[in-house]
Amino acid sequence: MSKLQNAIVGGVRTVLGRVPASWLPGGTPDPIIQKRATLGTQQPRIDGPDKVRGAARFAAEVPMANLLHAAFVHSTVARGKIAELDVSAAEAAPGVALVMTYRNAPKMSVPPAIGITNLKAAGNHTLPVMQDAEIRWNGQAVAVILAETREQAEHAATLVRIRYNAAQSRTRFKDGKKDASTPDSILIERNRVDKGNASKKLAEAAYKIDAVYRTPWQNHNPIEPHAATIAWQDGQLIVHDATQMIHATAGSLAKVFGLKEADVFVSSPFVGGGFGAKGMWDHQILGAAAAKLAGRPVRVMLSRASMHRLVGGRTQTEQRVALGASADGKLTALLHHGYATKPRHSICDEGFSLTGRSLYASASFDIVQHHVDLDLLANSFMRAPGETPGTFAIECAMDELAHQLGMDPVELRRRNVASCDPISGAPHSQSATMTAYDLGAERIGWARRAPAPRARRDGEWLVGMGCAGGTFPFARMPGTSARITLDARGQAHVASAAHEMGMGTATVQRQHAADRLGLPLDSVSVTIGDSRLPFASFAGGSSQTASLGAAISAASGKLAAELLRLAGNDTPLAGLRASDVEFADSGLRSIDEPSRHESFASIFRRSGHKDLSVTGESGPPLEMLKFSMHSTSAIFCQLRVSEVTGEIRIDRLVGAFDCGRILNTKTATSQFKGGMIMGLGMALTEETLLDERSGRIMSTSLADYHVPVHLDVPEIDVLWTDIPDPRTPMGARGIGEIGTTGVAAAVANAVFNATGIRVRDLPITLDKLAFNQTPEKREAISPPEFP
Amino acid sequence: MTPLAFHVARDRAEALSLGAANGARLIGGGTNLVDLLRQNVESASDLVDVSRLAANIQEVDNGALLVGASMKNSALAAHPMVRGRYPMLSRALLAGASAQIRNMATVGGNIMQRTRCPYFYDVDGARCNKRQPDSGCDAMGGFNRYHAILGGSNACVATHPSDMCVALAALAALVHLAGPEGERTVPLAEFHVLPGANPQVETVLRNGEMITAIELPPATPAMTNSEYRKVRDRSSYAFALVSVAAGLEVVEGKIAEARIALGGVAAKPWRATRAEAALRGLPATRANFLAAAEEELTKAQPLEGNAFKVGLARRTIAAVLESLAGERA
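In order, the protein sequence lines correspond to chains W and L.
The first sequence begins at 1 in the numbering used here and counts up by one.
The second sequence begins at 788 in the numbering used here and counts up by one.
Hints in this document: simulated from the structure, not taken from any laboratory.
Even for Gly, the Cβ is constructed at its ideal location relative to N, Cα and C.
Below, in silico cross-link-like pairs of lysine to any residue (SDA-like), each with a Cα-Cα straight-line distance of 25 Å or less:
id: 1; chain 1: L; residue 1: Lys1086; chain 2: W; residue 2: Phe771
id: 2; chain 1: W; residue 1: Lys768; chain 2: L; residue 2: Thr1085
id: 3; chain 1: W; residue 1: Lys768; chain 2: L; residue 2: Glu1091
id: 4; chain 1: W; residue 1: Lys177; chain 2: L; residue 2: Gly1092
id: 5; chain 1: W; residue 1: Lys81; chain 2: L; residue 2: Ser922
id: 6; chain 1: W; residue 1: Lys174; chain 2: L; residue 2: Gly1092
id: 7; chain 1: W; residue 1: Lys768; chain 2: L; residue 2: Ser1023
id: 8; chain 1: W; residue 1: Lys768; chain 2: L; residue 2: Gly1092
id: 9; chain 1: W; residue 1: Lys292; chain 2: W; residue 2: Gly95
id: 10; chain 1: W; residue 1: Lys174; chain 2: L; residue 2: Gly928
id: 11; chain 1: W; residue 1: Lys174; chain 2: L; residue 2: Glu1091
id: 12; chain 1: W; residue 1: Lys177; chain 2: L; residue 2: Gly928
id: 13; chain 1: W; residue 1: Lys81; chain 2: W; residue 2: Ala133
id: 14; chain 1: W; residue 1: Lys768; chain 2: L; residue 2: Arg1021
id: 15; chain 1: W; residue 1: Lys195; chain 2: W; residue 2: Ala211
id: 16; chain 1: W; residue 1: Lys81; chain 2: L; residue 2: Arg914
id: 17; chain 1: W; residue 1: Lys330; chain 2: W; residue 2: Ser424
id: 18; chain 1: W; residue 1: Lys673; chain 2: L; residue 2: Arg1021
id: 19; chain 1: W; residue 1: Lys768; chain 2: L; residue 2: Gln1088
id: 20; chain 1: W; residue 1: Lys768; chain 2: L; residue 2: Lys1086
id: 21; chain 1: W; residue 1: Lys195; chain 2: W; residue 2: Ala322
id: 22; chain 1: W; residue 1: Lys81; chain 2: L; residue 2: Asp911
id: 23; chain 1: W; residue 1: Lys768; chain 2: L; residue 2: Arg903
id: 24; chain 1: W; residue 1: Lys558; chain 2: W; residue 2: Arg489
id: 25; chain 1: W; residue 1: Lys177; chain 2: L; residue 2: Glu1091
Over the 10 Å line for every Cβ pair with chain W, so calculated as not near, a few chain L residues:
id: 26; residue: Glu801
id: 27; residue: Ala807
id: 28; residue: Glu846
id: 29; residue: Ala851
id: 30; residue: Pro967
id: 31; residue: Pro974
id: 32; residue: Thr1060
Required output: the full structure, derived from the provided sequences and hints.
Written out as structure tokens, the structure reads:
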């Protein structure tokens, strides 16, 4: 599959390389870039007031009569079989309606796996769900309890008695590396890149860095736990879900239960944070199965512990980066090798090795990643999968190289920044990375940074500054559709099964539709969030805004054609084709002769129609294969490190982003900041504590798994270049994920500048700073000997 | 959590009588006990709510303060007499948990809270001698970064998580107890016990006894010139890796009195008596502070995951004392 995929993608790229850009999507810059009215301004969220009032209804709040509540029992071994199972006490417990195990669960198919070829697939792993006695990871759901109240269900869950025949399991990263596999491709890219004889150039390089960087397993912790309210009605499955994959979940549940797609309805108007986690995991499947058996609707709301055991996170990586450079700082070799845990049943690639392919114009490349197959919960996508751990390694290595060269780290980037795709040679659609660096450097006062480490002090605190680059590719998903309904009063309504995880989807697309249709903002409304609406791809890969934007743009083109048809010949627009007109002033007008204008109201009045409805679709994203399309960023950090304790306090964080046009300054700022705060968590505190002896996660609460608290978050400045990308809808590239990339490296680089200590192993907890590692003569008593 | 009965005690006598029942547990703010019950670490047939019992501060004739066991952590931290006379206690309280939890948590409950060792909480998936005697300890060879470097045993290396108790130990506070056999007082520093072979036994509290009050001794200059420093993995809402409650009185450059207690290093708040004794009469210098801290830590037995705590404790003790000496210089 992967080899075939490499051949197909490679072939398409070769062909597109010869096709004139003007033939492709984005061949002509989107006219909205020039004539925007509300896009680019600050607009409040349209869902804001409802959320503040508590009126926005989330998945676990949908009322339903006769509802049962679910609790889960999780396995306590990583591999093996259920040898004995006694559910009698649980079944007899107060309020219990059903105890479901592999013995009585309905027969269900394995859900289709998420992939680039099937947009209706949502499976994060390829394992059967509660179909046999087999245990495949520590924490797997082995029983579902349904009871009248959640408390009763949780109590009954403690009464299920299980004995396992444990089998040999593989839960240690170090051991798993020995049998690591090397896939042919990572996402849609060929895995191995070998260009320009990197090992020879590295050996000959005047300056070189060769280091190993480690990033830990991280769990998702959106404020809203995974939840679903599920009912079967007349053979139809109704799922009020918290998902960023509405149609994919509906399509997958149809396959799992052998239903027609039309018989599964998934609704998810609001999601309390997604970040890649809110896809389809076992809880929706088990909830639907249990509801079917019980003959009553079911509410599933995962506890934090159940979330950590059933919903995958960002996987562990170990990355070697070697850089070779000449005395002027020009990169002669870039080597990026490494390992990521990816259980064989897991779908999500943590493509860290993609990071180094686009940032710098090295004279040679040697890139490959290997996957470590362990008996663990499947991986998930987590905000900027791949680039988040990847930028940590590459951007720390760049800082190490700058230090070795005695060169300013920003200057080192300036000398190496790519002017086209450094591997394929494909042109950038738009790129102004160094503009972002210059903006950020000025804002934080980079000139005040002492080049030598450990040069600035404030009492016991060592003060430092660091920077790092971030990157994330542009993506536009094909198939995403939008329906525009325009009525005689000039009111437009946009509908699509798109997703709102807090980013401002409807808010921004309302601005877009208003500008696109030449309407005032309050003449446009947007409905998103359920599977009865026109198809939408997932909200992931920072692709939703572009995909939905392309769909609205396509629909608006159809709308213009339809309006011209309705307008007939008795109109100032007579004789014009759709390509000759544009929307303006609540009507259509000739592009060449703006005085030839007719309002929507007038067209509808004459034709006698009450309204007009058209649907447009995001077409094949060929531009992604022709151009090198990446958002980039420059992150700057100023911090203090206590020389007494090693505690790190971030004083300032600045992110400057080159992401094309910014569509709504308010929601964009919020999204960038949120991403940067996640980056701070990665840098300083977040780590899933996996006990490698048992494969068991030991950090299953928000007290044990440390996300940043308010006091950890400094003043954050967000800046952007706002240069439109001529190849994208609205001139914008995605902004959801890039905020997280580069932050951990900027922090680690600032820690080095402050202390002279290089920490290559995230998170940078205080015990990793060398003065806390000074060997104690009493240390390392293992096993301990006590009196 | 198993179904249980809930009673509200109107006075101490009622609390004692309801609490004497087999399977009954007293509950203050419930900020730890409810978690323990919900996660099945503990079970109870009856909960006796003592949050309506004495919750005030009384000054007694000799200048000591009597703090009712049901006083909320936030109220105690904000009390002017506590802030003025025992700043280390106020700061320790404010370093604990979150504002919401401090508003619920009581003084008695804070003393009675249990370790946050993750293996202790993982009823289904981990072994723990404290939870189930003689079942084994998965923290050994597992995650023991937060665990004890002082006073641990082969059976258990869990730490006591309280911040407040560390300051109370340094202040030589007394715990007032009432029970079927009458009332008694125990020094806070002797209230919690080291694990030895029986880590399930955590305090000297007898069956049917309850904490009624904390007595803060009359303030000395070293209690008033005091501070609390908590070192942790994030700025708020994390348990101490190491914490130091300390007070210092310097007279003519010489240390007249030093009070030091450590948190995050043992199964109990660790009164650093060796360091205190070593400092008496010495000049208040950094070198002496470090040497005294070293003296206290000679017996430290770090584990694989927490060797860093020894140096961290030494430097933090010295830094806190240095800053206290500086203020009096």
